[in-house]
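2 protein chains.
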Amino acid sequence: MSTTALNATHDPKLRSWVASANQAGCDFPIQNLPFGRFRTAGSSEAFRIGVAIGDQVLDLKAAGLVDSDDMNALMNAGVKERQALRAAISAGLAEGSSQQAAWAKALLPQAKAEMTVPCRIGDYTDFYTGIHHATTIGKLFRPDQPLMPNYKWVPIGYHGRASSIGVSGQVFKRPQGQTKAPDAAEPGFGPSKRLDYELELGFFVGRGNALGEPIAIAEAEDHLFGVALLNDWSARDIQAWEYQPLGPFLSKNFASTLSPWIVTMEALAPFRARFERPAGDPQPLAYLDAPSNRESGALDITLEVLLQTAKMRAEGLAPARLTRGNTTEAAYWTAAQLVAHHTVNGCNLQPGDLLGSGTLSGPQPDEAGSLIELTQGGKQPITLPNGEKRTFLEDGDTLVIRGYCERAGAVRIGLGEVSGTVVA
Amino acid sequence: MSTTALNATHDPKLRSWVASANQAGCDFPIQNLPFGRFRTAGSSEAFRIGVAIGDQVLDLKAAGLVDSDDMNALMNAGVKERQALRAAISAGLAEGSSQQAAWAKALLPQAKAEMTVPCRIGDYTDFYTGIHHATTIGKLFRPDQPLMPNYKWVPIGYHGRASSIGVSGQVFKRPQGQTKAPDAAEPGFGPSKRLDYELELGFFVGRGNALGEPIAIAEAEDHLFGVALLNDWSARDIQAWEYQPLGPFLSKNFASTLSPWIVTMEALAPFRARFERPAGDPQPLAYLDAPSNRESGALDITLEVLLQTAKMRAEGLAPARLTRGNTTEAAYWTAAQLVAHHTVNGCNLQPGDLLGSGTLSGPQPDEAGSLIELTQGGKQPITLPNGEKRTFLEDGDTLVIRGYCERAGAVRIGLGEVSGTVVA
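So the sequences go chain by chain: A and B.
The numbering of the first sequence is the numbering used here, which starts it at 1 and goes up by one.
The numbering of the second sequence is the numbering used here, which starts it at 1 and goes up by one.
Simulated from the structure, these hints should not be mistaken for lab results.
Backbone N, C-alpha and C define an ideal beta-carbon position, used for all residues, glycine too.
With the Cβ distance kept under 8 Å, some of the chain A side facing chain B (calculated, not the full set):
| # | residue |
| --- | --- |
| 1 | K173 |
| 2 | Q176 |
| 3 | P248 |
Beta-carbon label-pair distances, calculated as ranges:
| # | chain 1 | residue 1 | chain 2 | residue 2 | range |
| --- | --- | --- | --- | --- | --- |
| 4 | A | P381 | B | R274 | 47 to 57 Å |
| 5 | B | P363 | A | K311 | 55 to 65 Å |
| 6 | A | G280 | B | K193 | 22 to 32 Å |
| 7 | B | E186 | A | A5 | 28 to 38 Å |
| 8 | A | D67 | B | V171 | 32 to 42 Å |
| 9 | A | A185 | B | Q364 | 27 to 37 Å |
| 10 | B | D289 | A | A185 | 13 to 23 Å |
Throw the hints in and build the complete structure from the sequences for me.
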């Protein structure tokens, strides 16, 4: 199979006995049902598998739906098993369900839950699918050749650091490292002065593949469990000095932050879009091409980036939006193409592995997915509603990414948000 | 502390009641005591922690020395605890030990043991410390600029793939992927025609560090557990087309192979060497410099590479040596510098993480650590003893790396070997 067909779990008329799930604008209506790991805030319990419904978390083990707390084992399930679990959760949370009395005891308000990274991430790969981002940032690093000759043929990717991935709410210290000004004779050392965010989607691998057994693109989506929001923090000044010839390293691996809820590929079924190459661009090689991928390989997700400085927080000001864009315009490669490419050489993916999309900047300047793009390499500061200016992130800044899907005929679902704060 | 002081466990007069450990040329005398994970070959037992002694494996749990099979937990021990365990193993295996009768039952012949990757590898980082390799290969990829301006300042590294790391004996399929000849208009797809090996050391992290807390270079060796041999297989044609701008990806992550035994930093204490920068080269920045690192930061290990083709195997010919070299001449950065650099931005290392040295080619052409160097980019084939020629690896080829330490006044210790075979 390629993409998940619509079924009863997507019915716009479906309502839940959890009242908050039926409110307009809610990220987690009964049509969504994303997975995460939670425990009671302030406790030292082991983290358990939960599903977000309205403003509550359903404890899957307490509800009798799973018998283990191992999210990676759940992610390893086959597509049919996954769909059966989704159908059972949907039926039990639907208005009129006979499970209501029992499952009501398996709910915890999200406000009282502590979330963690949604699964054990064995390997983290970050791709570079945002062609507008690649072009804009390419101009800054390599004015003579913004887009490499391989870009429209190879879904460029590299391995990232799994150990430093945190969950929304992550607070991290500003990284220090080597940097070198273009006109300096020698590098210096100190805190990064060009700390940036990167707006990404994170695709989680479900069932893996054996070493030496590539996943064909037509089967690739069967191996995807779902999607979360990902902020791939980047120290641009460290990156510029270190990245040749083996790619980014310390400029990225000090922290990456994920939203706590994985929205499944099943939940995203109503929000798929045609995937078309711009006229004149090369067609993908055979291993990256399939009818299903052309018909519905793209995801239609709206992404917003917001910033709240320490001063804004002190003044009681909400985070201010920097950008809003849509994934269908930003990504040059689909998630299925990333899976097919990653495994074509025999590389094995495992349940819980994370594939970052790369920075998803839209074609317009105000759709940029990073500050280096928004400020033209730090040359044009942006002005915030309270008059503060930013080129790059300053200590105390909180960066928030939100994502959601809206389409006529479907119930809006949200990816929730990922926030992170840099401190001195 | 910086490097481990010599103590009774290094005494050249020390002999073991395991007779095979006392034979000249043995890789695993009582002065070595490397750690690995094993089970009885052909069984489906859980893997247990073992120490190699002569041609035997000592089962640490059966000997009452540990109470868990979790190697990563053992690696997380502090330096004193680690040294105490080493002292206990050494005392129990020494001639005249009162443990002999009991521990004799905890031995399994290595010939009857199946080994696995020595620990759970959370993150794998590969560095690029081999300056002769970097220069030679740099000439092939970038004739105008073999050594990047950052090379003598930054210990260049990148993240590798943990899931595809296997143990000695690994057999893997030749990777396929995109390649593009310099004069071709478009890339093609197929099996790699330029499959290579890379001769590396793999440093294993012991105790980790918390996110945001760098490890100072003077303490770096306290966080290193030990060393194994690593073959970082590389598909040069895939690499040339994919590596810009984010570094190697599919050209590396189809397989990497480790030797099964981790030789500890304690065992290597007699084989440390001064670490000196060539005259005229820049001195390391402060965070990469410490008196202990200058005095004894380098490792004195001899490395050999051998090749056995399918035809040689059929003819009963042993693997033929391609190269031999020494790490002290090959590495521009020490293991302590790699740890300090990796964490200086706050990145957290965890017990069991693997740090590859990068290809350790010596200054002479016959000390090269890869075929691309030995054959001058595939232009000058090498001739094997049976008359076969090779530019790159062919199907059925088995590549073997061996390592050992020899010094006057010390008992020779070996790292064992790592072998791997490519098939069609």
